[in-house]
Amino acid sequence: MNFLFRVFIIFLFTYFFGFDNHWWLIVIYPIIVGLIFIDNLLSHFISGFLGIFLAWLILLFQLDVQTNSIISQKVANILFLNNSIVLLSISSSIGGFLGGIGSSFGQSIRKIFIKNLNQDPYLD
Amino acid sequence: MQKIIPLKTIKSIVLFFILIIFIYLLNSSVFNLPPLGKFLNPYSGFIQNGMVNKFYDIDLPGIKDEVTLQIDSLLIPHIYAKNDEDLYYVQGYMHAFHRLWQMEFQIMSTSGRLSEIFGERALSRDRESRRKGLLYAAKNTLEVSKKDKETLKFIQAYTKGINDFISSNDIKNLPIEYKLLNYKPEKWTILKSFLLMEQMSDMLSRRNQDIEDTYLLELLGKEEYDFLFPEIHQAVDPIIPRNTSFKFSPQKLTRKRDTIYPKILIDKTFKKPDPDNGSNNFAISGKRTKNGYPILGSQPDLSLNLPSIWYAIHLNSPTVNTMGVSLPGAPGIIIGFNDSIAWGETNATRDVVDFYKIKFKDNNRKEYFFDGKWLKTEKIIEKFIVKNSNPFYDTIIFTHHGPVSYDRNFLGNNDKVDLAMRWIAHDASIEYKTFFKLNRAKNINEIKEALSYFDGPAQNFAYATTSGDIGITIAGKFPIKWEEQGKFLLDGSKRDHEWSGYIPFDHALSMLNPERNYVSSANQHPSDKSYPYYTYSHNYEYYRGRRLNDRLETILNATIEDVKNIQNDNFNYIAYEILPILLEKIDTINFDDNKKLYFENLKKWDYFSNPKSTEESIFETWHHFLRKTIWDEFDTMKFEYRKPTKYNTFYLIKNYPELKYYDIISTEKTEDLNDIINLSFELTKDSIEAWKEVNSNDISWKNYKNTTLRHILGIEDFSVSNISIGGNRNILNAASKYHGPSWRMIVELDPGGTKAWGVYPGGQSGNPGNINYSSMIKDWSLGKYNKLLFDKFSEKIENQMLFNKKFKK
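Sequences listed follow chains A and B, in order. According to our numbering, the residues represented by the first sequence are 99 to 222, in order. According to our numbering, the residues represented by the second sequence are 318 to 1126, in order.
If you are wondering where the hints come from, they were derived from the structure by calculation, not from laboratory data. Treat each hint with caution, since some may be false.
What the hints assert, rightly or not - Per the computed footprint, the stretches of chain B lying under chain A, defined by three or more beta-carbons under 8 Å from a beta-carbon of chain A, are: (1) 321-331; (2) 365-375; (3) 598-609; (4) 878-890.
Unchecked claim - Straight-line C-alpha distance at most 16 Å; calculated EDC-like pairs for lysine to aspartate or glutamate: (5) Lys1123/B - Asp374/B; (6) Lys477/B - Asp401/B; (7) Lys955/B - Asp591/B; (8) Lys501/B - Asp487/B; (9) Lys1054/B - Glu467/B; (10) Lys986/B - Asp949/B; (11) Lys963/B - Glu985/B; (12) Lys355/B - Asp137/A; (13) Lys733/B - Asp584/B; (14) Lys325/B - Asp137/A; (15) Lys501/B - Asp137/A; (16) Lys489/B - Asp118/A.
Glycine included, every Cβ here is placed at the ideal spot set by N, Cα and C.
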């Protein structure tokens, strides 16, 4: 539940509250989520990744449909990609990766301040 | 003992650095890719450029009074302002709204600043730009224009409009080229609008062959040089008809008897503007039209680019109601019409660039020799900011002639050559004043007054008025020259080699309401030798002008459809004149099937270069090989040269059956004219068969020619290729591969209301993500036009608009 909830929170914020001028500021959402919820780093990476990945994917596809894929098709060709779907997926993965690292980083800070660790071998 | 940092902390630090580096990389260009995060994110990345026509973003914060802005379905803005400053303010705003990147990029290129975007690979081009003195010229103009308060006020308002757009605009709305290349727009300045005019001069008036012709003269001798490169031919039908008498008393110069041109050889010369920059325009008097009103046609042929060079716009204020095309970056209308007049320009080719050999006193280059004295030079150190590298500095020496363009630092053959460039575009001039006045002109007198301010790039202005007048004036500042002055390199130490004055505007070539009831121009010779001033260009056109006049001569009750047909005329005059002679000499005995087919087709051809014509493809290839075979001697020359013109080549073939040039120097045999005609036909067949193997079996002209509108950066996916259009260079419909009619306009001067039709290859929007970007290309290629919406009152046309809003102060 914790995992899905995290994905959902990151998704919501990234989807609705993006930053036009400094797009990368969205990384604060996974960082904050990382600071709040306790889980292992890998799990945080995945939830951070999915949160942003999904939000971007949906945003991009919505805009792409509205614009009849004119620009995405041209940009895909310029970047030597076969089609706009690949382009939009790669774009979303970049956002996802940022979310993943952000969330893990948030969690790693949290861990410095936790004294008693669980027994989970992945946690230390 | 040393304290150990806990593993948890190390992990955190490592993750932190990964995060920072990742964000940094996503915001920088690596391997010439756009910065991936910045470019691909959904909030401000490329996808936002798909969001078309954001009219709701338009606000006009700087207007002083109420402005009505309408945008029609072609995205042409119609601006109704209560004063002129608001009018030009909104024009600037709309130029930026649709074409910001293009405007700025052109200026970066003209001012030699492309290295700031592209790094070292653009440096040599940038140095060339500054050594041509483009920035120097724009600065001269800026100084003078400050004295002309009204002109300055309009340009200032225009500049403010652009800047208000830039500062109110989000990153997400930046044109996609900025995002791809990862840079941002700078503030617009008045200087930049002047630089744009310099860019036009660079494109239209800088072509010269002084260096090449000096070499050829030396190599061939005067007689042979004149034989191969004559200044004019009997067949030429000049803009101002032959044997016109001129009533003024000219200021004549004669060449000194002992004139000696410097003899200089140069390995490589400056890149030249395209020789095909040309156009046609004409005005037909009401006596020759069906409705009895004059009709004006204007068709400037330029490099075919996307975004298009032109931007259509309608400007209305209490002092003006005008429409036509403007240049993004420049206020006013350049080619267009108003309630009373219509006008259009073609390039008035003439040699206004000369090179002077400079003799420096010593290596310091602080003094140079002129007219028996040592004069001081001025040294300017130009700084070039180079992306991802250290700044580069280039020292440019200025003499009173102009910048020393070729010297030890640049193309000067290691300090053997110093050449100063004298170019009319270096002089201060305010062309904008011409356009502000022309846009408001009501009659012939006001047109003439407007043109008197026009210095260059010299243009043939054709015009017509609703009161029934038609005329043509070759406007521009032209130096008075002695015979052949400036055709070859000049001696920078001699006073008589300098330009000593300019042809007064009263003596300009001009014609009003001629008996033949039409005026026209198509880059041909301005006049025959009856004009008392020496006029020269190596690049006059020999075919389009004659075809245009042939057509106008036969027209009696001209309609708009007739004029459309003239502008889209695909008749190949070269083929008409030379093909029968060539075919006659073809030896049909040893024909294979292909050759026979080509031969038979060419024999039946009507000389129209239509999109589906295969004959045009064969003829163009043959023509190419024939010239190549004849002038093979030139390819062995060591320095830069040019070959005789097409016209002269065919003239020689027709009139001189025996010439040493017909021999192919690389063979033992001595070829004659018949041999090379047959040989080039053979080469044509081989070349076309090879083309078929690589491309397709369909050698229809449109396929073979492949007319392409290239994006300014050459990005293939932002370009449009294989356009189905006929025509070629030297044909009225001058669409060659990368060149062609950049705007077709027809205006009927009906006193009850000027009517106009127009189309250009491209679209108003410069955004490749907007469907409008390439929306007019198809109509353009088919010869279809749009009726232009034009009315003095905004209410009359508002129901045909996509956008219509009153902006309050």
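Are three or more residues of the region 321-331 of chain B within 8 Å, CB to CB, of chain A? That given contact holds, which follows from 6 residues of the region 321-331 of chain B lying within Cβ reach (below 8 Å) of chain A.
Is the Cα-Cα distance between Lys501/B and Asp137/A 16 Å or less? violated, 42 Å
Measure nothing beyond the straight line between the CA atoms of Lys325/B and Asp137/A; if it is 16 Å or shorter, mark the hint as holding. At roughly 14 Å apart (the allowed maximum being 16 Å), Asp137/A and Lys325/B satisfy the hint.
Check whether the Cα positions of Lys1054/B and Glu467/B lie no farther apart than 16 Å. violated, 42 Å
Proximity test - 8 Å, beta-carbon atoms, the region 365-375 of chain B to chain A, at least three hits: This one holds; 5 residues, not fewer than the three required, reach chain A with a Cβ under 8 Å.
Given the proposed pairing of Lys1123/B with Asp374/B, does the C-alpha separation stay at or below 16 Å? holds, 14 Å
So if I understand the rule, the pair passes when the alpha-carbon distance is 16 Å or less; does Lys955/B with Asp591/B pass? violated, 23 Å
Given the proposed pairing of Lys489/B with Asp118/A, does the C-alpha separation stay at or below 16 Å? Since the Cα atoms of Lys489/B and Asp118/A sit roughly 6 Å apart, the hinted pair holds (cutoff 16 Å).
Is Lys733/B close enough to Asp584/B, meaning Cα to Cα at most 16 Å? holds, 11 Å
Restraint check for Lys477/B with Asp401/B, where alpha carbons must lie at most 16 Å apart: Within the cut-off at roughly 13 Å; holds.
Taking a Cβ-to-Cβ distance below 8 Å as contact, does the region 598-609 of chain B have at least three residues touching chain A? With 0 residues close enough to chain A, the hint is violated.
Is the Cα-Cα distance between Lys355/B and Asp137/A 16 Å or less? Status violated; Cα separation ~31 Å.
Hints 3, 4, 7, 9, 11, 12, 15 from the list above are not met by this structure, while the remaining hints are.
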